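Chains as they are written, first to last, in our numbering: chain D, 46 to 396; chain Y, 8 to 394.
Derived from the structure by calculation, the hints contain no laboratory data. Please read these numbers as outputs of a predicted model, since none were measured by experiment. Here a beta-carbon is modelled for each residue, glycine too, at the ideal position from N, C-alpha and C. Hints are supplied without guarantee of correctness; some may be wrong.
Straight-line alpha carbon distances no greater than 20 Å define the calculated EDC-like cross-link-like pairs of lysine to aspartate or glutamate that follow [to be verified]:
no. : chain 1 : residue 1 : chain 2 : residue 2
1   : D       : K341      : Y       : E373
2   : D       : K144      : Y       : E355
3   : Y       : K392      : D       : E366
4   : D       : K133      : D       : E158
5   : D       : K144      : Y       : D380
6   : Y       : K327      : Y       : D313
7   : Y       : K140      : Y       : E122
8   : Y       : K304      : Y       : E276
Between beta-carbon pairs, the in silico distance windows are [said to hold, decoys possible]:
no. : chain 1 : residue 1 : chain 2 : residue 2 : range
9   : Y       : G312      : D       : G247      : 43 to 53 Å
10  : D       : R231      : Y       : D313      : 31 to 41 Å
11  : Y       : G229      : D       : N219      : 17 to 27 Å
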Amino acid sequence: MQRTEKYAWDDAMLKQRTARLNNVVRPRRPPGRAIRKRTGVLPAFPRPCSGKGGGRAHGAVPMVILAALLLLGICGPTPASADDSPWKWTMVLKQNLLKDSMIMPTSLYIDEEREQYYVVDSGRNRILSFSRDGELLTIFNAGRSLDTPFDMVRSQDGLIWIVEKGRNSLTSVNLKEKSVQPMTLRFEGALLYPDRLEYHDGLLYVLDKMTGDVVAFDLDLTPGKRYACSDCSEGFIDFRIHEGRLWALDNPGGRIVVFALDGAVVERMDLGDPVTYPYSLAVGPAGYIYILDRQKRNIAVYDKTGTYKYSFLRYGFARGEMYYPTEIRFDPWGRLCVTDEGNARVEVFSR
Amino acid sequence: MRALVTLLLSSAALLLFSGPVRAAVVCLDCHDRNQFTNRVVHEPVREEQCTRCHNPHVARHDGLLMVREGRLCYSCHDQLPNRFNRGHVHGPVADGQCTVCHDPHAAAGASLVNEDLARNCLVCHDKLPLEFKYAHAPFSNGACIECHLPHNSEQQGLLKARADELCLSCHQPESLRAGHQNFPADPAGCLTCHNPHGSDRPGLVRNVLHPPFEKDCATCHGLKKMQAAVCLDCHQGVSEEMMRIHSHLTRQDGNSCLNCHSPHAGDDERLLRGPLQQLCVSCHMDVIEGYRLSTYKHPAMQNCGDCHEPHASNTLSMLKGDGIEVCARCHESQGAFSHPIGEDVIDERTGQAMTCVTCHNPMGTEFAFHLLDDRGKGLCILCHKNY
Numbered sequence: 046m047q048r049t050e051k052y053a054w055d056d057a058m059l060k061q062r063t064a065r066l067n068n069v070v071r072p073r074r075p076p077g078r079a080i081r082k083r084t085g086v087l088p089a090f091p092r093p094c095s096g097k098g099g100g101r102a103h104g105a106v107p108m109v110i111l112a113a114l115l116l117l118g119i120c121g122p123t124p125a126s127a128d129d130s131p132w133k134w135t136m137v138l139k140q141n142l143l144k145d146s147m148i149m150p151t152s153l154y155i156d157e158e159r160e161q162y163y164v165v166d167s168g169r170n171r172i173l174s175f176s177r178d179g180e181l182l183t184i185f186n187a188g189r190s191l192d193t194p195f196d197m198v199r200s201q202d203g204l205i206w207i208v209e210k211g212r213n214s215l216t217s218v219n220l221k222e223k224s225v226q227p228m229t230l231r232f233e234g235a236l237l238y239p240d241r242l243e244y245h246d247g248l249l250y251v252l253d254k255m256t257g258d259v260v261a262f263d264l265d266l267t268p269g270k271r272y273a274c275s276d277c278s279e280g281f282i283d284f285r286i287h288e289g290r291l292w293a294l295d296n297p298g299g300r301i302v303v304f305a306l307d308g309a310v311v312e313r314m315d316l317g318d319p320v321t322y323p324y325s326l327a328v329g330p331a332g333y334i335y336i337l338d339r340q341k342r343n344i345a346v347y348d349k350t351g352t353y354k355y356s357f358l359r360y361g362f363a364r365g366e367m368y369y370p371t372e373i374r375f376d377p378w379g380r381l382c383v384t385d386e387g388n389a390r391v392e393v394f395s396r
Numbered sequence: 008m009r010a011l012v013t014l015l016l017s018s019a020a021l022l023l024f025s026g027p028v029r030a031a032v033v034c035l036d037c038h039d040r041n042q043f044t045n046r047v048v049h050e051p052v053r054e055e056q057c058t059r060c061h062n063p064h065v066a067r068h069d070g071l072l073m074v075r076e077g078r079l080c081y082s083c084h085d086q087l088p089n090r091f092n093r094g095h096v097h098g099p100v101a102d103g104q105c106t107v108c109h110d111p112h113a114a115a116g117a118s119l120v121n122e123d124l125a126r127n128c129l130v131c132h133d134k135l136p137l138e139f140k141y142a143h144a145p146f147s148n149g150a151c152i153e154c155h156l157p158h159n160s161e162q163q164g165l166l167k168a169r170a171d172e173l174c175l176s177c178h179q180p181e182s183l184r185a186g187h188q189n190f191p192a193d194p195a196g197c198l199t200c201h202n203p204h205g206s207d208r209p210g211l212v213r214n215v216l217h218p219p220f221e222k223d224c225a226t227c228h229g230l231k232k233m234q235a236a237v238c239l240d241c242h243q244g245v246s247e248e249m250m251r252i253h254s255h256l257t258r259q260d261g262n263s264c265l266n267c268h269s270p271h272a273g274d275d276e277r278l279l280r281g282p283l284q285q286l287c288v289s290c291h292m293d294v295i296e297g298y299r300l301s302t303y304k305h306p307a308m309q310n311c312g313d314c315h316e317p318h319a320s321n322t323l324s325m326l327k328g329d330g331i332e333v334c335a336r337c338h339e340s341q342g343a344f345s346h347p348i349g350e351d352v353i354d355e356r357t358g359q360a361m362t363c364v365t366c367h368n369p370m371g372t373e374f375a376f377h378l379l380d381d382r383g384k385g386l387c388i389l390c391h392k393n394y
């Protein structure tokens, strides 16, 4: 248990009066609006038909037939690529003020009730909140007391819980009392090194970087269940809780281990060759599994059965490209959010 | 009629000259025949078919080779590429430089290899001492291939088998047990204590001992689980490093420290399990593969630790500084005359300060100076859209 610090409220909640000076990036379409279904998406560059008759069409009539076939998209499956992915760039969460941009944002938390995004800006020791439309709302630094924040959640009692790497702590921030309380975590006597953090049903789930295990804590930080991989060489690198199950990513093993919340392993899914360095995972509303490959700088998509479907995104600095991505996460509105440390932003994609 | 005659003459000429020509008749008028004579002679040389590999007039490749070295060898030895592309691949094999080890004309040893194989190996592996106070017999006999495969292997260090299995293939378990009387189980993890080439200590025990190992095993092998915490209890400096954004703190078979360090003995005070590059590759194989396959890359990258922190860092890719600091340690004046970089030069795509890695990827690209795009125009218009 650590000391509780009071922080200066005025310094902490800096209403961004300058927000209007920022060129707030608006989404291209109203959030929540239905996007065309993937089955109806035509590839951007459809391949010419091959095989019988495909290359032998001469004259106007065959050409018309060929064009019609292409338009109908019945020339067979096209290779999965960024171009034919159903995901389209929608907006970016970033600080647009030059010289005050984020430095190495490491995670995103989404408050469904408030319809807000919170981006942990680890390099500047602060948290930025954005509206559902991507407008920067506040910049919060808890009275400049944060030390290398890494991940965060908000619990139902209104406390903000922040993993502070610099303190090796799980720090609770009470906004009403304007207090900060860093706490070190232990499980069975061993010091934990908190890494990723999730909140579900009154419990805080903490990924311990030392062991690669996920440990559940109640809000008094009393440890409960442990979710461990008995046959992983390194433990887990990321996890999500989705539909009452804990989905954990085994990086060197290239697989997902799915736990029931009582700790029993219910499923294992091998990711196979499409990914080389799986770093983060997310489970979509339809049950599709999304794997961030930090080495390839793309996202591989698997269906519910674990069958690889396609990959999208690529290396780069421009819109829709990733330089050093660190986390992916779905928001409650079905949009896929990619936190990119290298490009200092969170990009939001919609179907 | 005239066309028909021309056609017939052309065909006759083609038939006459299309087969392998005994080019050596001409070549060896100038080139000393003794250079191509030895106990083992390459088949094309034996048949005096120099032109199977060399173009006598002009070629793009050194030695007037018809095509690039590796590709040329594989044009006949066509089964080899599939055999050599699995697991850990020896550098010269990966780079298609067969002649680093094989003489393409003639040699004293089988497979056109120098009879004194070890001398061949030590030309590149020059950090290996030539002599040890106590040397492993295969090493002192120059029999590198007793333990190593020359082309590729599923094991690190191109070992023929897992290190322990390899040791046990010569050293009988009974004799090992007799020599490790206080060892709690059957001896295993031989290389954590022994240097397989040689050492200044008897029994090939590595030169530098971990103080707790030297003093009392119970210091570490107590009641605690052998996690990294046991190491970090003493190594406070490293413990503080682990409180950074990116670290190598993982469970890694129980203790991430042991992924790189030996808990018992090492060849220097870092107690590393092997050369740093080799340790990095054991997990980051894809990174090294990408580097190797890139056309343009930062030269002379032999040690990952030159640019990357091995334990932890608050920078991207666990670099030793930001995208300028790391480069400026060597490229001192580069920022002064190239595109402006630094805090005051913002990349509008990201809102971040421009650094060296905004344009260069030292791990390799397909563009000159390992730029991210063509320096003629492609690179510039990534930012200067209206250029």
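We went through each hint and held it up to the structure:
A distance of roughly 16 Å separates the Cα atoms of K341 of chain D and E373 of chain Y; the hinted pair therefore holds under the 20 Å criterion. Of the pairs offered as hints, the one joining K144 of chain D and E355 of chain Y holds, with about 11 Å between alpha carbons and a cut-off of 20 Å not exceeded. Pair hint K392 of chain Y plus E366 of chain D holds up; C-alpha atoms about 17 Å apart against a cutoff of 20 Å. Restraint check for K133 of chain D and E158 of chain D: the C-alpha separation of about 25 Å exceeds 20 Å, so the hint is violated.
Note on K144 of chain D and D380 of chain Y: the hinted pairing is violated, with a Cα-Cα distance of about 27 Å set against a maximum of 20 Å. For the suggested pair K327 of chain Y and D313 of chain Y, the alpha carbons sit about 8 Å apart, so the restraint of at most 20 Å is met. About 25 Å separates the Cα atoms of K140 of chain Y and E122 of chain Y, which puts this hinted pair outside 20 Å; it is violated. For the given pair, K304 of chain Y sits about 32 Å from E276 of chain Y by alpha-carbon distance, which is inconsistent with the 20 Å threshold.
Distance hint for G312 of chain Y and G247 of chain D: a CB-CB separation of about 45 Å, consistent with the stated range 43 to 53 Å. Range check, R231 of chain D to D313 of chain Y: Cβ separation about 38 Å, and the 31 to 41 Å hint holds. As the Cβ distance of G229 of chain Y to N219 of chain D is approximately 40 Å, the hint placing it in 17 to 27 Å is violated.
Going down the numbered hints, you'll see the structure goes against 4, 5, 7, 8 and 11, while the others check out.
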